[in-house]
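Participant: Chains as they are written, first to last, in our numbering: chain R, 1 to 264; chain P, 1 to 258.
Treat the hints with caution; some may be incorrect.
[Unchecked claim] No more than 20 angstroms apart at the CA atoms, straight line, and that leaves these computed lysine to any residue pairs for SDA-like:
1) R:Lys25 to P:Lys168
2) P:Lys198 to R:Ile48
3) P:Lys168 to R:Pro84
4) R:Lys233 to R:Arg250
[Stated by the list, open to error] Label-pair ranges, simulated between beta-carbon atoms:
5) P:Lys252 to R:Phe202: 54 to 64 angstroms
6) P:Tyr202 to R:Glu95: 41 to 51 angstroms
7) P:Leu138 to R:Lys12: 57 to 67 angstroms
8) P:Trp165 to R:Lys233: 49 to 59 angstroms
9) P:Glu47 to R:Leu7: 50 to 60 angstroms
10) P:Trp165 to R:Ser20: 44 to 54 angstroms
11) R:Gln51 to P:Ile120: 27 to 37 angstroms
12) R:Asn4 to P:Leu16: 37 to 47 angstroms
13) P:Phe112 to R:Glu95: 46 to 56 angstroms
Since the hints were made in silico from the structure, they are not lab data. Cβ atoms here follow ideal geometry from the backbone N, Cα and C, with glycine treated the same way.
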Amino acid sequence: MNKNKYLAVYAKFLHTSLASELEYKTNIIIDAITAMLSLVGSIFLLSIFFQNTGNIGGWNFEQALIIQGIYTVLNGVTNTWFNPNLREIVRHVREGTLDFVLLKPVDSQFFISLKKISPSGFLEILLGVCLMFYCIKINQIQLSFNFLILCLITITCSICILYSLWFFISTTTIWFVKTWNATEVLRSFLYIGRFPISSFSFSLRLFFSIIIPIAFITTIPSEVLLGFSQLWKIILEICITLIFLITSRRFWLFALKYYSSASS
Amino acid sequence: MRKIFTLLKVQYSNMLEYRVEIALWAVSGIIPFFMLNIWTNNNLNEEININNTMLSRYFLSAFFVRQFSVVWVVFSFEEDALLGKLSPYIIQPLNPFFRYFTQHIAEQITRFPFALIIAIFFFLFNPESIWFPNLIFLFLSFISTFLSFLIQFLIQSVIACLCFWTEKASSIERLFFIPTLFLSGLLAPVASFPNYVKSWIYFTPFPYLIDFPANLLSGNKTNISEGFIMQIFWILLLFPLFTKLWHEGTKKYTAMGS
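Based on the provided sequences and hints, a complete structural model is requested.
Facilitator: Printed below as a string of structure tokens:
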């Protein structure tokens with residue numbers, strides 16, 4: 001693998017997709033307002049939960065706010081990278097243009113998962129980071145170097161798990177052609193990532209830690225930020241991330257064997 | 001009328017083709033159940049005077065109302081307008097929105113069995129919440145769900161007409177979806193909202209989209225006459241707006257792709 005070549009290709013991807021997205025300037029502004037309103041809305045919902053009680057699943061309001069921050073960042077990442085590319089995969093398979101991707105002298109997974117970028121998610125990432133800093137202030141968290149490294153590691157792991165989940169579903173397109181709805185199902189499941197996993201009943205908690213590891217995606221980084229995460233949880237998250245990344249890669253290569261081009 | 005009936009039949013057979021897809025749509029609407037889980041698991045409902053059984057009925061009803069009032073006309077319309085498919089439809093002596101309208105109704109009919117299956121699963125897990133609303137309320141909630149569907153359909157059609165000016169109206173729809181999501185009662189019953197929100201929310205269309213029909217269906221208390229009056233009020237307000245925009249818009253339409 002030639003690293004420089006891939007970096008150069010990625011720079012071209014960035015350039016072309018930003019140029020085409022900036023065609024619709026008003027759209028970007030509307031998306032920005034949407035992102036802000038959606039954050040306000042979820043804080044409003046959280047405040048409804050907390051209006052009569054001090055804690056939910058052992059988390060108080062200030063702590064639960066951190067989860068919102070991390071969720072917002074991850075949602076921004078999803079909207080910027082995963083979502084637009086996923087739509088492309090579905091289109092590629094339906095119209096048979098996946099052939100052209102496979103013929104290119106770059107890795108197909110690289111091409112397909114990074115081709116597009118939608119700048120409207122940037123603001124969400126920014127909002128999420130601001131909210132996280134605000135939470136660090138109101139929860140009086142002492143920042144230290146080790147601590148920041150741990151946060152970065154866990155958030156990176158979350159992004160990787162999220163990516164693998166999205167990529168899994170888009171890979172199934174090769175058999176089912178239309179997976180647009182399956183992503184809606186995933187999206188509604190991911191919705192519960194806005195709340196601490198301990199606020200759900202035991203069976204749901206089990207489901208969301210083993211089958212779809214949403215518990216790991218937002219709750220563990222928040223616990224790390226708050227400083228009450230145990231080491232084994234972090235190691236477990238890293239292991240799960242590796243498993244997900246490797247299997248999603250394997251699954252893609254496996255699925256390609258079944259790809260029968262649409263137009264020929 | 002016969003035209004609508006024929007369209008309905010065509011769209012229904014069209015929708016039957018996509019059963020799996022519709023089943024997945026039905027599954028993606030289960031967020032209310034996660035919310036219910038948070039409410040009951042943390043005993044948050046004690047303060048708002050709704051017991052567990054009533055709350056679970058409320059959220060199940062909210063799920064049902066949502067299932068039968070989902071509207072996506074903006075997205076179909078935007079695609080048709082961008083790809084120029086709209087042009088042949090406009091020439092026909094039938095407003096293309098009838099086509100979308102029957103498409104939605106047909107989809108709801110296809111969706112019904114899947115929603116029922118999800119409800120049965122819900123009852124298996126929560127046997128104490130089984131209830132059968134009396135026929136009058138069932139009928140009233142059916143009407144109000146349909147009115148809620150009409151309101152959302154009109155709102156989205158108004159937004160869709162903006163396609164004539166901005167090309168991409170779906171982002172406006174996504175913006176509008178946020179207040180719908182948080183204020184309509186899908187995630188938390190409007191009764192639980194803080195007073196500073198309750199004071200103005202009943203003047204907006206949002207609580208009549210899900211909260212009002214869901215309360216009717218689940219047997220929670222709600223102001224029946226006021227709810228219906230407001231639903232009809234919004235429809236009467238939106239319908240002329242839509243027809244006006246439609247007339248203005250078709251004049252502006254520049255048939256792309258042809």
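Participant: Need the list of violated hint numbers for this structure, in ascending order.
Facilitator: The structure conflicts with hints 4, 10, 12 and 13, although it agrees with all the remaining ones.
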